[in-house]
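Trainee: Sequence:
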Amino acid sequence: MKKIVLLSLLLLSLNWANAQSISLLGYGGALTGSRAYQLANDVRVKGDWSYGAGLEFGLPFGSITVAWSGQQTVVESKGFVSSATKQIDVNVNYIQLGFNKDFTDGKVRPHSIFSMGTAQYHPTGNNAYSDQWYFAATFGLGLKADINDRVGLRIQAKGNMPVQMGGAGIFCSFGSGCAPNIYFNPIVFQGEFTAGLAIKLK
Numbered sequence: 000m001k002k003i004v005l006l007s008l009l010l011l012s013l014n015w016a017n018a019q020s021i022s023l024l025g026y027g028g029a030l031t032g033s034r035a036y037q038l039a040n041d042v043r044v045k046g047d048w049s050y051g052a053g054l055e056f057g058l059p060f061g062s063i064t065v066a067w068s069g070q071q072t073v074v075e076s077k078g079f080v081s082s083a084t085k086q087i088d089v090n091v092n093y094i095q096l097g098f099n100k101d102f103t104d105g106k107v108r109p110h111s112i113f114s115m116g117t118a119q120y121h122p123t124g125n126n127a128y129s130d131q132w133y134f135a136a137t138f139g140l141g142l143k144a145d146i147n148d149r150v151g152l153r154i155q156a157k158g159n160m161p162v163q164m165g166g167a168g169i170f171c172s173f174g175s176g177c178a179p180n181i182y183f184n185p186i187v188f189q190g191e192f193t194a195g196l197a198i199k200l201k
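Just so you know, we're using numbering that gives the first Met the number 0 here: the sequence shown kicks off at 0 and counts up by one.
There could be a bad hint or two in this list.
Unchecked claim - In the SDA-like style, the derived pairs of lysine to any residue whose C-alpha atoms are separated by at most 20 Å in a straight line are:
| id | residue 1 | residue 2 |
| --- | --- | --- |
| 1 | 45 | 72 |
| 2 | 100 | 23 |
| 3 | 201 | 23 |
| 4 | 45 | 32 |
| 5 | 106 | 154 |
| 6 | 100 | 85 |
| 7 | 100 | 66 |
| 8 | 85 | 131 |
| 9 | 199 | 27 |
| 10 | 106 | 58 |
| 11 | 100 | 59 |
| 12 | 100 | 25 |
| 13 | 201 | 20 |
As the list claims (entries may be wrong) - What follows is a list of derived Cβ distance ranges for each label pair:
| id | residue 1 | residue 2 | range |
| --- | --- | --- | --- |
| 14 | 106 | 128 | 45 to 51 Å |
| 15 | 128 | 47 | 15 to 21 Å |
| 16 | 111 | 146 | 20 to 26 Å |
| 17 | 122 | 58 | 35 to 41 Å |
| 18 | 73 | 101 | 35 to 41 Å |
Derived by calculation from the structure, the hints in this document are not laboratory data.
For each residue, glycine too, the CB sits at the ideal point set by N, CA and C.
From just these sequences and the hints, can you work out the full model?
Mentor: Pasting the structure below:
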């Protein structure tokens, strides 16, 4: 986690100096519910409203973004053997460093979204559960619409996927040599649909 924060701060300082434009982002929307099977448990994350903010740095080849989005929701866990269901109130936080690429020029521009970073599941209330941190990737499509020279509308549809490392190894065979193999297990998959504003600072 510390490495991700330090890397984000370094890239933030470099992008601030080299950016052709800098925009402050603010948005709201919804994160969908999701379901996964973890350690013999049926885990469900309920959908709820989401909100977020970020900075976007316009560069000749696209846009670099540093963004945060959050959600207050409930996680349900039900064992396969036991029928008891646990409900935990959690705050879900996505901290992401990403790249956006416009498909066209003009005042209305569809664009691609890809980012990587971390997802935090922070239990709230009186419980003995601790924070859980995962690597997370985000991908999707969006639309930028300029209202005037300084303010623009943003609409986005994204998929957020926290993952954990499932295992690693080196596999060898006669004739083809050896190759490393690393695989990841998705924790949950949450769709996110947001709308907001971009205000140019530079």
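Trainee: Indicate, hint by hint, whether the structure satisfies it.
Mentor: Verification of the hints:
1. Distance restraint check for residue 45 and residue 72: the Cα-Cα separation of roughly 6 Å lies within the 20 Å cut-off, and the hinted pair is therefore satisfied.
2. Pair hint residue 100 plus residue 23 holds up; C-alpha atoms about 17 Å apart against a cutoff of 20 Å.
3. Among the hinted pairs, residue 201 with residue 23 is consistent with the structure: their alpha-carbon atoms are about 10 Å apart, no more than 20 Å.
4. Restraint check: the Cα-Cα separation between residue 45 and residue 32 comes to about 4 Å, which is no more than 20 Å; the hinted pair holds.
5. Between residue 106 and residue 154 the CA atoms are separated by roughly 14 Å; this keeps the pair inside 20 Å, and the hint holds.
6. For the proposed pair residue 100 and residue 85, the alpha carbon gap of about 42 Å is over 20 Å, so the pair is violated.
7. Using a Cα cut-off of 20 Å, the hinted pair residue 100 and residue 66 holds, with the two alpha carbons roughly 16 Å apart.
8. A distance of roughly 17 Å separates the Cα atoms of residue 85 and residue 131; the hinted pair therefore holds under the 20 Å criterion.
9. Taking the CA atoms of residue 199 and residue 27, the gap is near 18 Å; set against the 20 Å cutoff, the hint holds.
10. Between residue 106 and residue 58, the direct Cα distance comes to roughly 17 Å. Compliance with the 20 Å bound is thereby established for this hinted pair.
11. Of the pairs offered as hints, the one joining residue 100 and residue 59 holds, with about 10 Å between alpha carbons and a cut-off of 20 Å not exceeded.
12. Restraint check for residue 100 and residue 25: the C-alpha separation of about 19 Å stays at or below 20 Å, so the hint holds.
13. As the CA atoms of residue 201 and residue 20 are separated by approximately 5 Å, the hinted pair is consistent with the 20 Å bound.
14. At roughly 47 Å, the beta-carbon separation of residue 106 and residue 128 lies within the given 45 to 51 Å, and the hint holds.
15. In this structure, residue 128 and residue 47 meet the distance hint of 15 to 21 Å, their C-beta atoms being roughly 19 Å apart.
16. Take residue 111 and residue 146: their Cβ atoms lie about 22 Å apart, and the range 20 to 26 Å holds.
17. Separation of residue 122 from residue 58 is about 39 Å and conforms to the stated range, judged on CB atoms against 35 to 41 Å.
18. Taking the beta carbon of each, residue 73 and residue 101 are about 37 Å apart, inside 35 to 41 Å as hinted.
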